[in-house]
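S.K.: Kindly produce the complete structure, drawing on both the sequences and the hints.
So the protein lines, in turn, are chains A and B.
Counting in the working numbering, the first sequence runs from 8 upward without gaps.
Counting in the working numbering, the second sequence runs from 660 upward without gaps.
If you are wondering where the hints come from, they were derived from the structure by calculation, not from laboratory data.
If you're wondering where the values come from, they're calculated on a predicted model, not measured in any experiment.
Don't take each hint at face value.
What the hints assert, rightly or not - To be clear about the criterion: a stretch of chain A counts as covered by chain B if any three or more of its residues have a C-beta under 8 Å from a C-beta of chain B, and this derived list gives those stretches:
1) 17 to 25
2) 70 to 80
3) 109 to 116
As the list claims (entries may be wrong) - Here are the simulated distance ranges between beta carbons:
4) B:M670 to A:T87: 34 to 42 Å
5) B:T719 to A:R37: 28 to 36 Å
6) B:P770 to A:T21: 40 to 48 Å
7) B:L706 to A:Q61: 39 to 47 Å
In this text, a Cβ means the ideal position worked out from N, Cα and C, and glycines have one as well.
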Amino acid sequence: KAGVTQTPRYLIKTRGQQVTLSCSPISGHRSVSWYQQTPGQGLQFLFEYFSETQRNKGNFPGRFSGRQFSNSRSEMNVSTLELGDSALYLCASSLDQGYNSPLHFGNGTRLTVT
Amino acid sequence: AQTVTQSQPEMSVQEAETVTLSCTYDTSESDYYLFWYKQPPSRQMILVIRQEAYKQQNATENRFSVNFQKAAKSFSLKISDSQLGDAAMYFCAYTGNQFYFGTGTSLTVIP
Chain A
8 KAGVTQTPRY
18 LIKTRGQQVT
28 LSCSPISGHR
38 SVSWYQQTPG
48 QGLQFLFEYF
58 SETQRNKGNF
68 PGRFSGRQFS
78 NSRSEMNVST
88 LELGDSALYL
98 CASSLDQGYN
108 SPLHFGNGTR
118 LTVT
Chain B
660 AQTVTQSQPE
670 MSVQEAETVT
680 LSCTYDTSES
690 DYYLFWYKQP
700 PSRQMILVIR
710 QEAYKQQNAT
720 ENRFSVNFQK
730 AAKSFSLKIS
740 DSQLGDAAMY
750 FCAYTGNQFY
760 FGTGTSLTVI
770 P
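M.R.: In structure tokens, the structure reads:
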């Protein structure tokens, strides 16, 4: 079974631009969550989607948004990029809605904002 | 608020030796799950081990085991017979209404 796929692997953007990251979960997984990883901060939760509905949202500004499609694929959008948005963005899928299901992670998208 | 603390930013261990990574968490919940994830240089986070809070028995997966002290809110990971492939960042995670991760411990394995 294919794992979680994130595209692209690397992105370089300029301050003020917007960016869209894509995530395809493991087949059969309906929950997709997104995390921002920066050195010293660990993983910060962005949001989680289950069956096309945002179930939970972390403490990030409204410039960060996401959505999930009927095939469970998810996209994350960041508008008006700032230098501080440079990070590794990880997507994870899980089998069901409960938080006892382990997360399965993709390889991440490395975003650099210049 | 739920928080997860990993107080050891870096650790090192000789190959074939044993190392313990520390993790503490803060919660008012009684039912939750705890996880250890490993992130090698390839960046992909891999599940190492999982512990249900209602189970008193410590989880074990081959060379990996945990010491779960619920009253102390402590969840340490022991790696026995360390191998070069164990070198990675290790993240402790707690799940309440979402996953909360610690800041990670970078483990170096010395040949």
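S.K.: Hint by hint, say whether it matches the structure.
M.R.: Comparing the hints with the structure gives:
{"no.": "1", "hint": "17 to 25", "verdict": "violated (count 0)"}
{"no.": "2", "hint": "70 to 80", "verdict": "violated (count 0)"}
{"no.": "3", "hint": "109 to 116", "verdict": "holds (count 7)"}
{"no.": "4", "hint": "B:M670 to A:T87: 34 to 42 Å", "verdict": "holds, 39 Å"}
{"no.": "5", "hint": "B:T719 to A:R37: 28 to 36 Å", "verdict": "holds, 30 Å"}
{"no.": "6", "hint": "B:P770 to A:T21: 40 to 48 Å", "verdict": "holds, 43 Å"}
{"no.": "7", "hint": "B:L706 to A:Q61: 39 to 47 Å", "verdict": "violated, 24 Å"}
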